[in-house]
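*Asks:* One letter stands for each residue in the lines below.
2 protein chains.
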Amino acid sequence: MQLTRYTDLSLRVLMYLSYPDRADLVTIAEIATQFDVPRNHLVKVVNQLVKLGWVVATRGRSGGIRLGVPAGSLTIGQILREMEGTKALIDCEGEICVLRNGCRLRGALADALQQFYRTLDGYTLADICSAPTAGLIAQMHRLVPTATH
Amino acid sequence: MQLTRYTDLSLRVLMYLSYPDRADLVTIAEIATQFDVPRNHLVKVVNQLVKLGWVVATRGRSGGIRLGVPAGSLTIGQILREMEGTKALIDCEGEICVLRNGCRLRGALADALQQFYRTLDGYTLADICSAPTAGLIAQMHRLVPTATH
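As they're listed, the protein sequences go chains Z and H.
Everything in the first sequence is counted per this note's numbering, starting at 6 for the first residue and increasing by one.
Everything in the second sequence is counted per this note's numbering, starting at 6 for the first residue and increasing by one.
There may be inaccurate statements among the hints.
Ranges of calculated distance between the beta carbons of each label pair, as one might list FRET restraints [stated by the list, open to error]:
1. H:P43 x Z:R86: 50 to 56 Å
2. H:R123 x Z:D26: 22 to 28 Å
3. Z:R105 x H:V149: 17 to 23 Å
So the derived list for chain H, only partly shown, Cβ under 8 Å to chain Z, looks like this [stated by the list, open to error]:
4. Q7
5. H46
6. V51
7. V55
8. L57
9. G58
10. V61
11. R86
12. E89
13. D96
14. A131
15. S135
16. P137
No lab work stands behind these hints, which were simulated from the structure alone.
Even for Gly, the Cβ is constructed at its ideal location relative to N, Cα and C.
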């Protein structure tokens, strides 16, 4: 069981943007370089984050992105629910299961998934970006060459 | 986020074997036919289930497999922990993340995963194989041609 790469990238973007001491905006190219991931994979992720209002994008020469909400008001549960979507933990239809029309396993898994998300509602973006993570994120921002600012 | 196909297949095998009114043993070929999945994929799954003692295999002409424990004593939490293994929900090393050495996200996800499994410890194999699932499983067994028994 693993989160999708899409969710993984969205968490990295939000965590990177949680850094509070940045005067200028962050570019997608910068995040791509920092995490060594393809820029085009990030574009799709950032577009959804903008649609959700969690990230604000500004166009133009000195444009870029920043958090659209306080990091303390966004929970990891909210983020994962949105990014993972509503797909069930087991795909009863892909490799069609003969039990799919009356399977109690589905209910048990849905219950457990709800507890999973509820637990993550107890953690905000600010929580997971506090020390020691905060120090690592700050270090990344300090290493950005001024030219890409 | 999805369970691995390996876990999916192991659940199908255990659910199928939960049927109490079967006089003869079940063969892997029979399960492969019933769920329309490749026999060789099931062999690996059944081997692990036998190692865990949850399934008992008998060799020989009228050999086959059956549950090795009462369905009421095996929880879905136990099954998923074993079959999913200890892999984290996010792969920090595969596409190496610069935050991996001090990331609080990891702790939050581990906490949530524990709650997920704890919830599933509240469901036994017998629970998820009760009605209406029981009826579907019984129907499958009744459809087995006597020749493959």
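*Asks:* Would you mind marking each hint as holding or not holding in the structure?
*Replies:* Outcome of the hint check:
In this structure the supplied range 50 to 56 Å is violated for P43 (chain H) paired with R86 (chain Z), their Cβ-Cβ distance being about 34 Å. In this structure, R123 (chain H) and D26 (chain Z) break the distance hint of 22 to 28 Å, their C-beta atoms being roughly 39 Å apart. The hinted range of 17 to 23 Å is satisfied by R105 (chain Z) and V149 (chain H), whose Cβ atoms lie roughly 20 Å apart. Hint on Q7 (chain H) holds. Least Cβ distance to chain Z is approximately 6 Å, under the 8 Å limit.
Violation of the interface hint for H46 (chain H) is found here, the shortest Cβ-Cβ separation to chain Z being roughly 10 Å, above the 8 Å cut-off. Using the Cβ-Cβ criterion of 8 Å, the hint placing V51 (chain H) at the interface with chain Z is not satisfied: the shortest such distance is roughly 17 Å. Hint on V55 (chain H) is violated. Least Cβ distance to chain Z is approximately 22 Å, over the 8 Å limit. Given hint, L57 (chain H) at the interface with chain Z, is violated; its Cβ is 18 Å from that chain's nearest Cβ, farther than 8 Å.
Among the interface hints, the one on G58 (chain H) is violated; its C-beta lies about 21 Å from the nearest C-beta in chain Z, farther than the 8 Å criterion. Interface restraint check for V61 (chain H): the shortest CB-CB distance to chain Z comes to about 22 Å, outside 8 Å, so the restraint is violated. Taken as an interface hint, R86 (chain H) does not check out: its beta carbon lies about 11 Å from the nearest beta carbon of chain Z, beyond 8 Å. Because the beta carbon of E89 (chain H) sits about 5 Å from the nearest beta carbon in chain Z, less than 8 Å, this interface hint is met.
Proximity of D96 (chain H) to chain Z holds as hinted, the smallest CB-CB distance being about 7 Å (cut-off 8 Å). The criterion of a C-beta within 8 Å of any C-beta in chain Z is not met by A131 (chain H), whose closest approach is roughly 10 Å, and the hint is violated. Given hint, S135 (chain H) at the interface with chain Z, holds; its Cβ is 6 Å from that chain's nearest Cβ, closer than 8 Å. A cut of 8 Å between beta carbons decides the hint on P137 (chain H): the least distance to chain Z is about 4 Å, and the hint holds.
Checked against the numbered hints listed earlier, the structure breaks hints 1, 2, 5, 6, 7, 8, 9, 10, 11, 14; every other hint is satisfied.
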